[in-house]
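Just so you know, the protein sequences line up as chains F and L, in that order. Be aware that the first sequence starts at 0, since it is given in numbering that gives the first Met the number 0, and climbs by one per residue. Be aware that the second sequence starts at 0, since it is given in numbering that gives the first Met the number 0, and climbs by one per residue.
Please keep in mind that the hints were generated in silico from the structure rather than gathered at the bench. Virtual Cβ for every residue (Gly too), placed ideally from N, Cα, C. It is possible that some hints are incorrect.
Chain L stretches covered by chain F per the calculated footprint, using a threshold of three residues with CB under 8 Å from any CB of chain F [claimed, not checked]:
#: 1; segment: 37 to 46
#: 2; segment: 120 to 126
#: 3; segment: 139 to 150
#: 4; segment: 232 to 241
#: 5; segment: 248 to 254
Keeping only pairs whose Cα atoms sit at most 35 Å apart, straight-line, the calculated DSBU-like set for lysine-lysine is [to be verified]:
#: 6; chain 1: F; residue 1: Lys-196; chain 2: L; residue 2: Lys-61
#: 7; chain 1: L; residue 1: Lys-160; chain 2: F; residue 2: Lys-221
#: 8; chain 1: F; residue 1: Lys-180; chain 2: F; residue 2: Lys-196
#: 9; chain 1: L; residue 1: Lys-160; chain 2: F; residue 2: Lys-408
#: 10; chain 1: F; residue 1: Lys-335; chain 2: F; residue 2: Lys-352
#: 11; chain 1: L; residue 1: Lys-139; chain 2: F; residue 2: Lys-250
#: 12; chain 1: L; residue 1: Lys-52; chain 2: F; residue 2: Lys-196
#: 13; chain 1: L; residue 1: Lys-35; chain 2: F; residue 2: Lys-196
#: 14; chain 1: F; residue 1: Lys-408; chain 2: F; residue 2: Lys-171
#: 15; chain 1: F; residue 1: Lys-117; chain 2: F; residue 2: Lys-339
#: 16; chain 1: L; residue 1: Lys-52; chain 2: F; residue 2: Lys-224
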Amino acid sequence: MKNIKHIMVILILLLFYSCNKSKNENENTLLYWSSNNMHEIEFTRHFVDKWNDEGTSKIRFQPIPEGQSSEEVILASVVGKTTPDIYANMWQGSVTMYANAGVLIPLDTLEGFTEFIKERCSQETIEEITADDGHIYQVPWKINPIMTIYNKRLNNDFGFSELPNTYNAYLKAGEAIKKDKNNDGYVDQWVGYTEVKVLWYQRFFNFYPLYLAASNGGHLIKDNKAAFNNEHAIGVFRFLQELYNKEYYSKERLSAGQDRFITEDIFTKWTGPWEINHVDKFKQRDDFEFGFFPMQVPEDHEGPIYTYADPKNIVIFNTCVQPQEAWNFIKTLIDKEGDKQLLEITGQLPNRKNIETEEIFQDYLNKNPKVKIFAKQANYVKGVDNCEVIVEVFDIISQEYEACVIYNKKTPEKAIEDAAKAVDNLLRD
Amino acid sequence: MKRKWLPYILVSPYILHFIVFVAFPVLFSLVLTFHKWNIISPMEYTGFSNYTKMFNDRMFWKSLVNTFKFLIIHIPLQIIISLALAEFLNQNIKLKGFFRAAFFLPVIVSGVVVTILWQQLFGYDSGLFNRMLVAIGLGKVGWLIDPNIAMGSIALMATWKNVGLYVILFLVGLQTVPPHYYEAASIEGASHWQKFRKITLPMINPTIFMVVILSTIGGFSLFIEPYIMTGGGPLSSTMSSVLYVYKQAFEYFHMGYSVTLGFFFAMLILAVVVIQKKYIERGED
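If we strip away everything but chain L, and leave its shape as in the complex, we get (with noise of 0.2 Å):
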């Protein structure tokens, strides 16, 4: 008897844990896309109004516009930039240590630490980086006041906060391509380019698309640097899907709308997981 509950009595925190703190709030949801709620007062059905709100809110719309934009910067800069990095400590130099822990640390600073930072150093007037435009004989950028550029300026700080993650995967990546590939490249006269392309690209192929998928998911969440940086500002041109969701629930109270955002969003996000799953298998095959 006691035999057959043990192994039920062991999973049981597991499950308790899911019940409360996932299966719940998610079925809870699902039911709450269907109200209007503003968290004190009774819930009223509304049917599928917060869904044709979603499709007839222009907001939401551009918000979903800026996260693609914001992906469209970050993604191939963290790439690039990563696997420069990578490639460059996978080398023989001095210090290896010291520059993978220095690559890594932004990685472990809190993010609001690193918005409030970046903040400072995009200052209009008295910002490090327009001071040292400035003193090259150059202009000032609106870094966060020009709504052409704030949402770059944006990726460009997530990137600098995120590379030392994908310089770790990288490396790892890099370091598991047979050196005797490069070797037998080199007999044969390949430049330093021509490794780079047709042996380290496609060795490390998988761990590109992981970067990829990673920080695609990442950036769906983009939500502490524009609302802590810009507000969601100028002109509405940073404010990110997951910060209005966020303005919806907390500032507005819409709680039957802004779950009905969040289905959505977690909807893409699958998307692009399927995806993910279905260039993995046909990769393998």
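Okay, chain F solo, but in the shape it has when bound (with noise of 0.2 Å):
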């Protein structure tokens, strides 16, 4: 009985010390969550092998856990008080509700932050990331441009010595390559496709990059008020509208089955730097030859051709109890060397001004044609307003979007005053 009551002791005591020795360990470690794909993995294995060798403190790293989707694992985490250090992969339009709850650094309070990042980022993309309050609470890290990728048989068997960069050049092409191949009275082959599905963030690949196209990178939401009601926004559901009404688009959610651009049953699709590896891997014939260009314009459009980013930055949570030290590891992966990794390892583009020229960008780049002409686009990109319900701005857009561009109830006019006079309800509560 009284070896057992020793046991029992010793048992306790080591309890408490391997308690006690785990939170001295915590103190000194950061934990940094990447997003799990296979080759941000590598990347941050990379540079978190690199620090913990070189540090004085050490980093403990783990893809984000599983969940429906990132931004669901985050509130989760948030939540329940167990957010990472460190999370690189955040979306934009979630970082405005974060730090209006108070659970992010501001960012700009740290030593050295602001003039690295001036030194990083042109003027545009901080004025973007700079919250109401002034601070900054995310560090532009990569962006993925949306363009138009197109099969090159639309120069080749369908003889068009231009690309249809305008509204009319497109709806050309769309009347050109509207066919029925297999005779059964339906059009099977289109000059695009885009999803139909009406959920909020589709609006990333058809609408918003449209608009900005049109608007030189102008606002959805601007001094609290919808800004879009104009004559951008209306040119744009009208462009798409035109093209669902000549079946020039299918209605259908082509994307649930084969992908359609690689069995060529369409010729373009508006889509990031990511289908560069998703087509060369899954092309069906060898010969098949792709490209990008920019998003389509009106005929009268003067100035450069904005899209919109995709941005994806880093955040630093406010569990964090050495935010200045996890500055310190972030710049690793953000200077000219991790950028380069990051354009070499994950084939993305960091969110860095004049990328298309920097020396160090060069060799990557002319090996990579391609990836190239997203480095040019780079130059004019936009992400969204900070606004905390963003989401439910697009939500909005998305409901008009698809009672007038899909199934033509509404005139562009009047559905993109109503969305514009809910998106003003929604911002009054």
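Hey, can you piece these two chains together into the complex? The hints should help.
Structure, rendered in structure tokens:
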């Protein structure tokens, strides 16, 4: 009996010791969550190993835990107060909500942050990520600009000497390509396809980049009001509506089955640079050639052609006990060498100014001419406006998009007006 | 002393479970209906504004109408098909066990798997149904892209998925009908249809009612099918009430408003159960 008591005391002491040790270890260890993309894991591991060999603190790295979406996992971790110290891959639109809730570290309060960011990013990007309270809560990290991918048969088989980069040219291409290949009385070849499902984020791949292109990077929300009730948004709705009305686009969810770009049932698509590897990997004939060009614009468009950047950023949560140390680590990921590694390992573009002309990236870009097109586009990209209810804003636009563009139930003017009114009501609440 | 506490100790796991997973969430939700809360910021008391918003929310009423549309299509279809199949299985046929298993199989298959499979079948250009229609010279149907048809398509799929369960229930009901009723009717010269209408239907009336109630409750919780197949579209024609509650909670983080809607649906289901209870009591009298 006496022995049992001794053993119990020793076990309890051991337990206390291990808890204390683990607490001390945790204070010196920063937890870093990356996305669970294979290439990003490789990229992160490279930098974490290097830091752990040389740094005073340690980084414990893990891909974000599995969940329906990374946004859902992050939300659960915020609610459960189990957030990592650093999270890389935060969608820009989520940052405002977390910043307003006070769960993010204002990075501009950290030593060296402001100077570093000014050196790395354009003034436009810095303005875009600055919150309404004047602080910066996110490190602009990487972008995947949305552009038009096209099958080069467009030039060779259909005789287009120029790429369809205006609304009219694209509609003409639609007319030329539309075909009933199996003679069943139904069109089964289209100029392009974009997701018809009324999900808010699907507008990042059709309406929103087209709107940014037409409006030279205009706002959806400005001064807490809808700023899209204008001829640019109406023009985009009209252009897309015509594509569906004339059956140049299919209303069916083509994305549910095979990739119709690869099967050559569609000849263009609005997508990001990730499509390069995908098409190269799955193309069905070796001589399948494709390229990229900017989003379509109205005929009278002047100036550069903007698009949606699909930016993913890095944040430090307020559960981090060493935010300065966390920033010091992040700096290694996003300095020129870090950005070069990001490009080479993941094929994704860093959110850095002059990437197209910076010497350090030239070798990679020259070897990957398709990525170079995106690097050129990177000079004219935008994320989303800082707005806590940006998801609802896109959802409202999606509802009107469906009613007007897909089902022709409203005129573009009425649909945009209704969307703007609904957004104004939402922002007033 | 030991004996006095023993029953409490034995029921304590359930009591604990009840408090943590039922009582607390329900009470917390009730409190939440008077607040605005996005999960990560502090709650803000808003009085009855969530209730006012609910009564003025057009999409909420549309989702309710959609749910009733689903029930109106789904329940009769389910009863007719499952009763017909049960009647078929109640005959002296070969491979009875095989058919029973075959009809029940969709019930045990994951709802997500079934939904994805049917999404392919319903495809406009490449779906099997439309290919068959075109092959026999008919036109294509916009199963999931026509706002007037989409909810019907979902009801059709849900019926296929659940019919096996109700076949079993009807089969049990049919087997409780005393055979001598049919024998007496046969001697009197009654036709099959007359026997079915005058004997079978009245005798299995409680089963029919149970199926109606179970289908209604199941119908109110319509979620997976529109969530995966249509996202509530086209033109919000498949936006079910539960899908709308989900969107409010997990897309917009309007927790207070979503639980207000949740409470309203709970009251609706409660009303249905009360009607059921009264009907059964009247039947017993």
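A quick look at each hint next to the structure:
no., hint, result
1, 37 to 46, "holds (count 4)"
2, 120 to 126, "holds (count 4)"
3, 139 to 150, "holds (count 5)"
4, 232 to 241, "holds (count 4)"
5, 248 to 254, "holds (count 4)"
6, Lys-196(F) to Lys-61(L), "19 Å, holds"
7, Lys-160(L) to Lys-221(F), "48 Å, violated"
8, Lys-180(F) to Lys-196(F), "25 Å, holds"
9, Lys-160(L) to Lys-408(F), "33 Å, holds"
10, Lys-335(F) to Lys-352(F), "11 Å, holds"
11, Lys-139(L) to Lys-250(F), "13 Å, holds"
12, Lys-52(L) to Lys-196(F), "27 Å, holds"
13, Lys-35(L) to Lys-196(F), "29 Å, holds"
14, Lys-408(F) to Lys-171(F), "24 Å, holds"
15, Lys-117(F) to Lys-339(F), "19 Å, holds"
16, Lys-52(L) to Lys-224(F), "21 Å, holds"
Violation of the numbered hints given earlier is confined to hint 7; every other hint is satisfied by the structure.
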